[in-house]
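**Student:** Sequence:
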Amino acid sequence: MSKICNILTLTSTGCLPQRVHVTPRNQIIPRNHPKITAMATNGNYSRVEKYALVTGANKGIGLETVRQIASEGVTVVLTARDEKRGTDATCMLHNTGLTNVVFHQLDVLDPVSIESLAKFIKDRFGRLDILVNNAGASGVVVDEERLKALNIDPGTWLSRKAVNMVQQVIKTSYETAVECLNTNFYGVQRLTEALLPLLQLSPSGARIVNVSSLRGELCRIRGDDLRNELEDLETLNEEKLDSILKRFLKDLKENTLEAGGWSLMLPAYSISKATLNAYTRVLAKRHPNMLINCVHPGYVNTDINWHTGPMSVEEGAQGPVKCALLPDGGPTGCYFDQTEVASF
Numbered sequence: 001m002s003k004i005c006n007i008l009t010l011t012s013t014g015c016l017p018q019r020v021h022v023t024p025r026n027q028i029i030p031r032n033h034p035k036i037t038a039m040a041t042n043g044n045y046s047r048v049e050k051y052a053l054v055t056g057a058n059k060g061i062g063l064e065t066v067r068q069i070a071s072e073g074v075t076v077v078l079t080a081r082d083e084k085r086g087t088d089a090t091c092m093l094h095n096t097g098l099t100n101v102v103f104h105q106l107d108v109l110d111p112v113s114i115e116s117l118a119k120f121i122k123d124r125f126g127r128l129d130i131l132v133n134n135a136g137a138s139g140v141v142v143d144e145e146r147l148k149a150l151n152i153d154p155g156t157w158l159s160r161k162a163v164n165m166v167q168q169v170i171k172t173s174y175e176t177a178v179e180c181l182n183t184n185f186y187g188v189q190r191l192t193e194a195l196l197p198l199l200q201l202s203p204s205g206a207r208i209v210n211v212s213s214l215r216g217e218l219c220r221i222r223g224d225d226l227r228n229e230l231e232d233l234e235t236l237n238e239e240k241l242d243s244i245l246k247r248f249l250k251d252l253k254e255n256t257l258e259a260g261g262w263s264l265m266l267p268a269y270s271i272s273k274a275t276l277n278a279y280t281r282v283l284a285k286r287h288p289n290m291l292i293n294c295v296h297p298g299y300v301n302t303d304i305n306w307h308t309g310p311m312s313v314e315e316g317a318q319g320p321v322k323c324a325l326l327p328d329g330g331p332t333g334c335y336f337d338q339t340e341v342a343s344f
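Per my numbering, the sequence shown runs over residues 1 to 344.
No lab work stands behind these hints, which were simulated from the structure alone.
Do not take every clue at face value.
With a cut-off of at most 20 Å between alpha-carbon atoms, the simulated EDC-like pairs for lysine to aspartate or glutamate come out as follows [what the hints assert, rightly or not]:
| no. | residue 1 | residue 2 |
| --- | --- | --- |
| 1 | Lys122 | Glu49 |
| 2 | Lys171 | Glu145 |
| 3 | Lys322 | Glu340 |
| 4 | Lys250 | Glu229 |
| 5 | Lys59 | Glu83 |
| 6 | Lys84 | Asp107 |
| 7 | Lys250 | Glu238 |
| 8 | Lys161 | Glu217 |
| 9 | Lys59 | Glu314 |
| 10 | Lys240 | Asp225 |
| 11 | Lys119 | Glu83 |
Start from the sequences, fold in the hints, and give me the full structure.
**Tutor:** What follows is the structure, given as structure tokens:
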């Protein structure tokens, strides 16, 4: 069954109708206002310069997302936990001619690091137009040699038939689960909230892109009650999502994941992405002047899936980049399966 929805009516996915912000004609905004930056030279003010930020961007989909967005003329802040890896990635892009990429260190688990980044963006650019939350953790410990020896094909991975095959080589501990949730959900939440004042200064409405996964799709959640909780947009809020994640950790500690209806394949990663999708809908509802979406980039050959995916990073970045560069009036509060709007 096709997962693509009608983005004109935006009803089958629960996407939110877009409200376009229009400055009143009689409102005069000075040219040095934070919303207005130096546009093209020679008196041409037809195009406002844009500023973007991508997390977890020293490699993989994040790095390629930076490259593709920067190639469109957007100034991009490339962030990474490791300063050397981040500066090396930035220098590599500079050597290809993309001098509109700048580096700043960021650890989404560290509030001080987030505060430092927010101050840097405010002082350097005065606002932010695009935020791509890409940094992620798998939530498991893997014996990569044994996993490689299993030689599981991509179709088996995607069809949910690999669950029993990988139980002996992919292990979820309480500690790895906590790190996963703190990175994939709470880290996104902390960073986004810190940057919202700067995103709200974007002239035509900011774009927020949360890089998700098919593991977070509602159809993959085993428990009916849990699925219904995450599907009910009317009652979704941060408090409910926090309660769900605490319940997950309790069941993990007590070894009752199956009875609780949680996913058994990458359980922490799966619920982190399911709640991230829900948080995307909450944010989009709260900020109708922005375009806020989540996107499954595809089964890409990256470190986070131990290079089991068949897709290239160039292909995988297309979905996040499309969401980052959506035209005014585009969909919001939606889930993209690569480059197409799909069902949550």
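**Student:** Taking each numbered hint in turn, which are not upheld by the structure, reported in ascending numerical order?
**Tutor:** none
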